[in-house]
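Novice: If you read the sequences in order, they're chains C and H.
Each residue of the first sequence is one higher than the one before, counting from 1 in this note's numbering.
Each residue of the second sequence is one higher than the one before, counting from 1 in this note's numbering.
Since the hints were derived computationally from the structure, they do not count as laboratory data.
In this text, a Cβ means the ideal position worked out from N, Cα and C, and glycines have one as well.
Some hints here could point you the wrong way.
[What the hints assert, rightly or not] Just a sample of chain H residues kept apart from chain C, beta carbon distances all over 10 Å, derived:
id, residue
1, Glu42
2, Leu110
3, Gln154
[To be verified] Now the in silico label distances, taken between C-beta atoms and shown as ranges:
id, chain 1, residue 1, chain 2, residue 2, range
4, C, Leu189, H, Asp62, 50 to 60 Å
5, C, Leu197, H, Gln222, 18 to 28 Å
6, C, Leu189, H, Gly65, 45 to 55 Å
7, H, Gly65, C, Leu123, 51 to 61 Å
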Amino acid sequence: MHIIDGALTNEVVIAGAALSVGGLVMGLRKLDMELIPAAGVLSATFFVASLIHVPLGFSSVHLIMNGLAGIILGWAAFPALFVGLLLQAVFFAFGGISVLGVNALNIAGPAVIVGLLARPMILRAASARSVAVIGGIAGGLAVSLTTLFVAISLGLSGETFVAAAKLVFIAHIPVMIVEGLLSAAAVYLIYRVKPELFHVMSQKS
Amino acid sequence: MKLNKHIVSIAGGALLMASVMALPAQAHKVVVSAYAEDTYIEGEIGFSSGDMAVDTVVEVFDMDGNKLGETKTDEDGVFQYTPKQAIALEFRANLGQGHIATYQMEVDELPDIFSSDDVKAENKPNDKIVASSTTAEATASPTAGTAVDPALLQAMISQGVQSELKAFKSDIASAVRREVKPLYKEVAAYKEKNDMQSILGGVGYIFGLFGVGFYLVARRKQTNSNN
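With the sequences and hints as input, model every part of the structure.
Specialist: This is the structure in structure tokens:
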């Protein structure tokens, strides 16, 4: 999921950086005091989740948890995930500093999209079960969007888009399933235990 | 309600499974190492998960980005390249899906074929001394007869030792290479290790950062409400 330094053309790197700056500004404006603790926790969740690699056939994959971050934080997911990516690049040379913009866009972009789609639905949902279903679908969708974004950035840099897209997508099907389940469980838990969190985000989005 | 409980337990199980499965797994990062063998450079490319890059084209560049040649990895992810000039090299392989392996090799890491020339150049003055003393020997011996000049003897001994050393040098070098090779691998593996300390450190940084953010926002809010 993390593209490393040198894999992309300069145009893609620059465009990614520019779009990410936009996302960060937007996200920081939405990051209100009530959301900061949640953003910190989700940032840490992302940081740890993407370091845990599950070997799978020809390569290995890792959890991303960007769907959950998007559902809870909306636009504020952008700075939260960016901080996680930055520290992974600094601590583990995971990803890279020059491609940070593209990576942030590939991971936080789908989070924001999924968040904006799923949040109104969750607020309108009648029962905890339907909330869990929406959360699950959103969690899986965020991962598949990320694979699409990664394939697009590789495709724009010269790799054949269809082959790259297929490979990344197939490798991440198990991740989509696991993340869907995790997001469903987390959203369900929030709905049961702390539904105020959804109301906080509805005011801020 | 019952169904909901089931959903929770299934999701909890999935979480548990994911964390258990994840325990022995390692980071999925590209690992490259290269070292001088005899007269060529040998290197390895793979992932830190232990999978090696099979049949991958490895391109060789100089430091200005000019391509010097290319080679290919075998089924163990090992490639070999024989350098033609004594310049710093960069090896680069595209493993697909945004994974690029690069490794830079400095001039002093290159195989002996070049460094021995450098050594010769350094030793040249020494050789000259030996050479001049041998000519001195040739001219001096008929007149001096059997009397041994200690300086001459010294020169002869040092010449003999030098040539012996030269003969042994390649043996010593290959023995050292053999001994050091596992260390190279171990150091490369160690560099890739994500240990608990750094993960916890990263989490700490994140909480610290958001704590600072929280503090700043809270302060701004307070001053706003005071005004």
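Novice: Hint by hint, note whether the structure agrees.
Specialist: Hint check results:
With 10 Å as the threshold on Cβ separation, the claim that glutamate 42 of chain H sits away from chain C holds: the shortest Cβ distance comes to roughly 23 Å. Separation of leucine 110 of chain H from chain C is adequate, the least Cβ-Cβ distance of about 23 Å exceeding the 10 Å criterion. With a cut of 10 Å on Cβ distances, glutamine 154 of chain H stays outside the contact zone with chain C, its closest approach being about 55 Å. In this structure, leucine 189 of chain C and aspartate 62 of chain H meet the distance hint of 50 to 60 Å, their C-beta atoms being roughly 57 Å apart.
Here the CB-CB span from leucine 197 of chain C to glutamine 222 of chain H is close to 24 Å, well matched to the stated 18 to 28 Å. At roughly 53 Å, the beta-carbon separation of leucine 189 of chain C and glycine 65 of chain H lies within the given 45 to 55 Å, and the hint holds. Taking the beta carbon of each, glycine 65 of chain H and leucine 123 of chain C are about 54 Å apart, inside 51 to 61 Å as hinted.
Violated hints: none; the structure is consistent with every hint.
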